[in-house]
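K.L.:
Each protein sequence line maps, in turn, to chains X and U. If you count by the numbering used here, then the first sequence holds residues 1 to 175, one letter each, in order. If you count by the numbering used here, then the second sequence holds residues 1 to 175, one letter each, in order.
One or more hints might be untrue.
The list makes no distinction among identical chains, and a pair is therefore deemed to hold if it is satisfied within one copy or across any two copies.
Straight-line alpha carbon distances no greater than 25 Å define the calculated DSS-like cross-link-like pairs of lysine-lysine that follow [to be verified]:
(1) K80 - K148
(2) K33 - K148
(3) K148 - K9
(4) K80 - K9
Source of the hints: derived by calculation from the structure; they are not laboratory data.
2 protein chains.
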Amino acid sequence: MFARNGIDKTSIRAIAADADVDPALVHHYYGTKTELFAAAIHIPIDPMQIIGPLQQIPVEEIGHKLPRLLLPLWDSEMGKGFIATLRSILAGNDPSLVRSFLQEVIAKEVGSRVDNPPGSGPVRVQFVASQLVGVVMARYILELDPFKSLPVEQIAETIGPNLQRYLTGDLPGFP
Amino acid sequence: MFARNGIDKTSIRAIAADADVDPALVHHYYGTKTELFAAAIHIPIDPMQIIGPLQQIPVEEIGHKLPRLLLPLWDSEMGKGFIATLRSILAGNDPSLVRSFLQEVIAKEVGSRVDNPPGSGPVRVQFVASQLVGVVMARYILELDPFKSLPVEQIAETIGPNLQRYLTGDLPGFP
């Protein structure tokens, strides 16, 4: 249902109805909707564990902090599951779950904070996503040498200013 | 052989020997090694058609010019073959062809021109690759909205300064 209808338009109630169980049961075993989503795509962490702390970070620092939050996670044992999921989604030609997550959850939680000028928020976030997805590709899927073994801090320092520019710098195409 | 041994260590002579034909025959039908490589991974254009013109561009402009060269190509009919190939390589879990191409051909042709301080060239190029692969993912594989339909010029203006920074700006981790 997440893949077909998107995360926004999928309710725990609808999932429970489809599974013919009580919604309270789904809540009990899976928690919030993003936790259920994480379980559905086999990532071992609730995305809100990353997105939540991000909300405490001043907008002017998000671009610098983001790779320092994500890279250690991706590099960890836990990250292997995430990479495997990304790979299988790519192989299965069904990117709708990743798309839905980026467009709905991330755009809403982060995009709303950088929506200046109005309307630019989703575009800003998608440029950030393009760089981060590219880092995942280069480091874990293509395993470019030396990129795959660069220290987290070196990658963070290199891409951080660029991510920050996407989030709060001048954005071509917007006045 | 390209996948197993890399592009550098694969000669037309070795390919011809493996196919039990005269190397001249391979040259006659497939041209140069990069043209043969392009045919092997089913991309309809010799990578040198992009890399060649790039060599005429001053180093200080490569980051700005690169997306203006590549995006129209990827957006074209011809690009669909490229995207399909990328997808199948990812699905097949064998990224060695893409890796070899990025590490050997691109690093040699472009990396050597931005190798300042010495040793930084390959790293610079791989950061550029990470952003460009991420654009391919966001625009053609994940098909993020509105990213998938942003004008080429808007993407080029947005990522160009960042690519240029990777190529000729300060690079963390290098003195």
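K.L.:
Of all the hints given earlier, name the ones this structure violates by number, lowest first.
P.N.:
When the structure is compared with the hints, numbers 2, 4 turn out to be violated.
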